[in-house]
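Novice: Go ahead and model the full structure; you've got the sequences and the hints to work with.
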Amino acid sequence: MSSKRIHAAWFGIHFFLITAVCLAGVFWLIAQGSTILPAICNEYARRGEIVATWCLGKEARGSNPIRRGIATYLHAAGIQAGYTFFAPNVPGHHRLSLELFYDDGRVEYESPRVRSRAAALRLESLLDRLAEERYEPVREALVKRLAFSVWREHPDVKKIRAVFGSVTPPGMTEFEHGKADTFQPMFSFDFSLRDEQKQ
Amino acid sequence: MISLEGWWERSMHFLFPRETDAWLAVLRIGLGLQMVAYALFLRSDWHYLFASSGKGLVGREVGEAITSFDSLLIPKLGWLVALGRSVNLSEETVLSVAWACLLSAGCFLLLGLLCRPAAIVAWFLHLCAAESGGLLAYGADSFMTTALFYLMLSPLPDRYSFDHWVVKTKPKNPQLLGFWRRVLQLQLCFVYFIGGLAKCLGNGWWNGSNLWRSLIRPPFNLVPPDILVRFKYALPALGISICLLEVSYPVFIWMKKTRLVWLVCILAMHAAIGLLMGLYLFALVMIVLNLAAFGVPDTSTSAQTPSMSRDQ
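Those protein sequence lines, which keep their order, are chains A and B.
For the first sequence, the working numbering gives the first residue as 1, with consecutive numbering after it.
For the second sequence, the working numbering gives the first residue as 1, with consecutive numbering after it.
Source of the hints: derived by calculation from the structure; they are not laboratory data.
Fair warning: this is a prediction, and the values are worked out from it, not measured in the lab.
Do not take every clue at face value.
Think about it this way: if two alpha-carbon atoms lie no more than 30 Å apart in a straight line, the pair counts; the simulated DSS-like pairs of lysine-lysine are [claimed, not checked]: (1) A/Lys-4 - B/Lys-168; (2) A/Lys-179 - B/Lys-232; (3) A/Lys-4 - B/Lys-170; (4) B/Lys-55 - A/Lys-159; (5) B/Lys-55 - A/Lys-158; (6) A/Lys-4 - B/Lys-256.
Derived contacts from chain B toward chain A, CB cut-off under 10 Å, selection only [said to hold, decoys possible]: (7) Ser-11; (8) Glu-131; (9) Trp-212.
Quick reminder that beta carbons are idealized off the backbone N, C-alpha and C, glycines included.
Specialist: As structure tokens, then:
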């Protein structure tokens, strides 16, 4: 019987955490105003999100052992993120275009590449995350590393300009009328072998 | 007080039904196949994705730093590299060994050889890779971690495994088998309900535009847009069907009369995601989870083996 109680207790805690993670994700979407719900819901959703994240210990200080313990468990069980894939709407994708400047004045255009399709999905996932506000602090470092991965294959390049932007695909009707993707640059960085300069 | 006891009894009855280990065999074999596919698909890019700065795509340090911000105790490949360094193994060797171990763990799970150690190794190494990859991870990784986490904790080995054939292990506790199947079933109900609810909140799922956008978006654009346009009147109906199918999953998957229909529809949806969008690993893990949770016939009334309290 005690084994049953232990299992039941674990079950309660585990699904309580899953519920909190999922609700935090849904409330976040609503609070962003990206759903069909009226704007009046946004504020309530923001409060709901705070309650849900509080349950996950995320309102505590980073060094708090309970917060760290919960985070470790969530990652170990693979339940650290909600299940709101492609919701509420499918976002546009992002592109990183690298302009390679050679000493002789030549300019070539490249993008970071991987060999397999499975890895390409991961690279795409990385690019989409780069656009998110929460990854702003690591954005330049990541773009620099992506640029460097291309640089290794073109060691005689003098300078690289990395232009990152969002790609908006045409709607179905627009596509039928011949409209193509539109690229909206979001930020760019210039990198040279000796220094990096943010534009 | 009586009603509270009654509620507790009903809850226990629901949480600990008697089950055979057929569903566990499906989960083990399916995840074995998943791990083999995962390792083989990433074979050519493994070092490039997980090498340190200056050698790989972005270097695993960034992903590991982001993970460490959450907690220092989350496993990562950096731990293994540091361990390898202490015995004079290069980073490249450690990464190769990790990849080989992942592949081997997948094969062992597939065969049912050393099931529990294989499940633990697969869970740990996959978690290390997913966390070190950090920003390179996507939905399939979370589901794989969860599935391996449950497999690792479930009462292995099952009767179809090589372990059982060699060692002749005694039958596992049917209530414990039932408990872990319930966990998996409820997890899927959460996944689909939340996914469906979030989709219902977006206008693009009601008019088909989200389906269009997801199918023409690189790298998921396996079907040429010219062909998709021919089905433009079907896309809104398909979008609405996906929303309703997912959000109603926790209700209709439990009813015996509708279970098969919902299961077939969900499996078809994942097969379509895999084939039309190239999300093979994601599709496979979801199909495996659904088959293990609801695809194997419910044996809760037929299993006749000792009760849990006696076995523990």
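Novice: Hint by hint, say whether it matches the structure.
Specialist: Consistency of the hints with the structure:
1. About 26 Å separates the Cα atoms of A/Lys-4 and B/Lys-168, which keeps this hinted pair within 30 Å; it holds.
2. Proposed proximity of A/Lys-179 and B/Lys-232 is supported: the alpha carbons are some 17 Å apart, at most 30 Å.
3. This hinted pair checks out: A/Lys-4 and B/Lys-170 have alpha carbons roughly 20 Å apart, not beyond 30 Å.
4. At roughly 19 Å between alpha-carbon atoms, B/Lys-55 and A/Lys-159 fall within 30 Å of each other, so this suggested pair holds.
5. For the given pair, B/Lys-55 sits about 20 Å from A/Lys-158 by alpha-carbon distance, which is consistent with the 30 Å threshold.
6. Pair hint A/Lys-4 plus B/Lys-256 holds up; C-alpha atoms about 27 Å apart against a cutoff of 30 Å.
7. For B/Ser-11, the interface hint holds, the least distance from its beta-carbon to any beta-carbon of chain A being 7 Å, beneath 10 Å.
8. This hint holds: B/Glu-131 has a C-beta 6 Å from the nearest C-beta of chain A, less than the 10 Å allowed.
9. The beta carbon of B/Trp-212 is positioned within 10 Å of a beta carbon in chain A (closest approach about 5 Å), and the interface hint is therefore held.
Hint check: no violations occur; every hint is consistent with the structure.
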